[in-house]
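Participant: Residue numbers (the numbering used here), protein chains in the order written: chain A, 1 to 406; chain B, 1 to 406.
There is no bait here: all hints are sound.
Lysine to any residue pairs mimicking SDA-like chemistry, simulated, CA-CA at most 25 angstroms apart:
1) A/K325 / B/G31
2) B/K17 / A/D288
3) A/K17 / B/G252
4) A/K265 / B/E234
5) A/K265 / B/R235
6) B/K216 / B/A147
7) B/K265 / A/D274
8) B/K21 / A/D288
9) B/K265 / A/T404
10) A/K247 / B/P24
11) B/K248 / A/V25
12) A/K328 / B/P24
13) A/K248 / B/E28
14) B/K17 / A/G252
15) A/K248 / A/K328
16) B/K355 / B/V397
17) B/K265 / A/E166
18) A/K17 / B/K248
19) A/K248 / B/P24
20) A/K248 / B/S298
21) A/K21 / B/E250
22) B/K17 / A/R144
23) A/K389 / A/R402
24) A/K265 / B/M165
25) A/K17 / B/S137
26) A/K265 / B/D274
27) B/K265 / A/E231
28) B/K248 / A/A23
29) A/K21 / B/K248
30) B/K265 / A/R235
31) B/K247 / A/V25
32) A/K247 / B/R27
33) A/K325 / B/V25
34) A/K248 / A/I338
35) A/K328 / B/A23
36) A/K265 / B/M230
37) A/K265 / B/I164
38) A/K265 / B/G237
39) A/K21 / B/A147
40) A/K265 / B/A270
No lab work stands behind these hints, which were simulated from the structure alone.
2 protein chains.
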Amino acid sequence: MKIAVMGFGVVGSGVVKLIQKNAPVIRENTGAFLEVKRILDIRDFDGSEFAPLMTKSFSDIENDDEIEVVVETMGGLNPAFDFVSRCLKKKKHVVSSNKELVAQKGFELLALARENNVNFLFEASVGGGIPIIRPLSRCLAGNRIDAIAGILNGTTNFIMTKMIMERTDFSSALALAQKLGYAEKDPTADVEGLDACRKICILASLVFGNHIYPEKVHTEGITGITLADMELAERFGYVIKLIAQAKKLEDGRLYIIVSPALVPKESMLAPVNDVFNACLVQGDMTGDILLYGKGAGSSATASAVVGDIIDCADNLEKRKFFGWKEEKEGQIEDYLNIPVSLFVRVKNEKDARQKVESLFNGARIIESESKAELGFITGEEAEGALREKLSDSGLTVLSSIRVTSY
Amino acid sequence: MKIAVMGFGVVGSGVVKLIQKNAPVIRENTGAFLEVKRILDIRDFDGSEFAPLMTKSFSDIENDDEIEVVVETMGGLNPAFDFVSRCLKKKKHVVSSNKELVAQKGFELLALARENNVNFLFEASVGGGIPIIRPLSRCLAGNRIDAIAGILNGTTNFIMTKMIMERTDFSSALALAQKLGYAEKDPTADVEGLDACRKICILASLVFGNHIYPEKVHTEGITGITLADMELAERFGYVIKLIAQAKKLEDGRLYIIVSPALVPKESMLAPVNDVFNACLVQGDMTGDILLYGKGAGSSATASAVVGDIIDCADNLEKRKFFGWKEEKEGQIEDYLNIPVSLFVRVKNEKDARQKVESLFNGARIIESESKAELGFITGEEAEGALREKLSDSGLTVLSSIRVTSY
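All chains, full assembly: derive it from the sequences and hints.
Facilitator: Laid out in C-alpha cells, this is it:
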C-alpha cells in the first residue's frame, strides 16, 4: 500500500524510518505491505537517503491515485487543514499526529472522512506511543465511560518531576527541560496547559460524543506552581501534577478542566514521572483503567501513526462509527459551580490557624518546615463559593490548588 | 447480530446482562445491534429472566445458522474445546474468556478459525477488562516487542498486598481473600502460579509468534513467600509481586518464567495493589507501556468479551493475521542459564556476614529488624551457578527470590 507523508519533522521522519526498518515485520504480522511513495516538506533534504521521495508540491500527493493513505505530521492548522480536507475528498485515508488540527477541526474532518468513506485516524495525537484512542473507541465500546483524567503533557510532567525530586524551582527545571530537548524555546503551549487541553478535548469528544473546543475549557498552566506548594502537599501525602480531566455530571453536562492538581500518593497517576504520560479511564463496567507510556518522541509517536496506517490497510471502508458529532451548545458546566476541595497555602500569621479552623471546620492543618506557612485542605464545596470564602477570610493566601481523588 | 453464550457463570451472565443494559449505547457507538439468542448451561435457571433463552443442548447453537457469534465462558478444556471447534467449523465467530483453552489449544483453534474465515478472539482471557490483547496485536503492530512483564493474577496480588499492608501471614491473607470471594475454595491454580502462567503463555505466543505451552514454563507460586521476606525486601526499596515475564534473548530464544520477584518501589508495577492487574510491554519503538486495570470480575471481563463481539460484527472475514504459529521446539531457554540477581535472606549466624561479603563481593547487606536475619542482593549471574554457590556457601538460606528491573 502506497503512503505519502506530509511534514518531515520529528514525527514524520520517524514514520518513514519505522516503515523502512519494520516493513517486513509489519507484513508478517499484519499482511500489510507499506511503502512510502512521497514525502512533502517545504525544506530541502538533499543529502538524505529519502531525497528521491521528497516533493514541495502538495498536488504530487493529491493527484496521485496510487497513494491510498496520507500521513499528516506537519502540525499547526494551516495548511494542514486544507491539505487533509483535500486528501479526504480524494478518498484517501488520513492519519494525523496533529492534536491542534484534531482538537480544532476534528468534527469537520471526521464528517468529511465519513462522506468519502475513508478513515481519519489520530492515535498519535494523544499520548504519543500509548494506545489510547483505539482502546477508548474499541475495547471500551461496551462500556459507558464516566470520567477520564490524565497526565497528557510530557514537558510539564518532566518539569514538575524535577522540581520535587531535585528541590529546584520552576525556571531551573524549565531550563533543564529545554537543554534536554523536552521543552521548546517558546514553551508557552506546554507550560500554560494548552497542549494538555487540546488532548483532553480530543479524548472527551471521543468519549462523550460531541466536539469540545479547547477555548471553552478552563485551562491553567504550571507557571504558578512553586516548590513550596509541592513540599507542603507532600506532607499531606500528595504529589502535584498537571491534570487534564473530563467527567460526565448527573445532568448529562460535562466538567472539563486542565490545571495543576494534588494527586494522592497511592494513585496510579502519582508515580508517573519525567516525560511519561498516563490516562486514567473510569468505565461503568471496567472500573479504573490506566494506560501509561511515553507521551512523545519520534519513535513512540511514529509507532502510533503506523498502527493507524495498518488499520487503514486492514479496514478499507470501515470505521464508520469512529468519531463524534458537532458541538453541543451549553454542554460544559461552569467550573466554578462544581464542588471541589482545595489545598491552600497561607502565611502563618498571628491568627491564621484560628481563622482556618473556624472557616474550614475539621480541616487538617500542617505547618511548612520553616513554620512560616500553613497548609490545609478544604472540604468539597462549589469552587466559586469556596474561592470567595477564601478571599474574604482575611488569610494571606499564597496558593490554592485543586485536589483530585483520581 | 445474534449471539449465543455458552456457560452462564460469573462471566457469561455478565456478558448477557451487559448486552441487555448497554445494547442501545453499543448500537449508537458502533453500529452493531447485539442480541443474545441462546444461552447454554447444564444447570437450571428457572426463576431467571433469561430462562426462555436457556438450553442444555449444544446442537441448538451449533445448528442455528442465525447465530453468528458464540461466546465461550464455560472455562476448562472439556467440553469447551470440542464445542468451540465445532462452532468455528460452522463458520461462527468465537469469543472466549477461557485462558486454559487459549493457552492449551490456541494454535489449533486459531488455525481452525483461519480455515473457516472467522475470528477466534480472547481479549477477556488475560487481564479481565484491561485492553491488552488488542493493543498488543494492533496498536503495537509497527513495533518489535522485546519483553513483557505483568502482574496477571488478581488473587495472588490481593494476598501479597494484604500481607505487607496488614503485616499478616500468607494463610491469613488467603483466608481473607476466600472470604471476600477473591480466591476459590481450592486456590491452587492461583497461588501456585498456574493461572498467571497460562496468561503469560497467551501473551508471549501472540507477541513472539509461536505457541508456548504452560507446562514448558518454569512456574513458582507464592506459597513460600513470608512476611519476613516482604519486610526485608522493603528495607532494600522493593516490593514482592508475582511476576509473569517473557523476554526475547539475543539468540532469538525466549526467557519465560512465573515467580515471585522483587520489584523496585519506583517501578510502575510496584503500586499495582489488591486485585488489580498490570502488564508492562517493552517495544523497540514505544519504550515502556503499562496497561493497568481490574483483572477479573463479572463486569470488567464481560466488557472485554463484548469488545471482541463488536469486533466480529465490524470485521466479518477479517483478522486474518491475528494469532500465532505452532510451537517452536527448543525455543525456550532453560531458566537456570539466564543471568539473574537474587535477593537472599539468611540466618544471621556467627560468620554469616563475612561469608556473604567474601562470596558476593560488594553486595549490600541489611539486617532484619530483629537482627536475627541478614538480607542481601547478589550481582547478576546465571541462576543455576548462583544457586549452587548459595547452597555451597555454608549459609543457612531462608529464602532466595529473583530481583527484576521492570
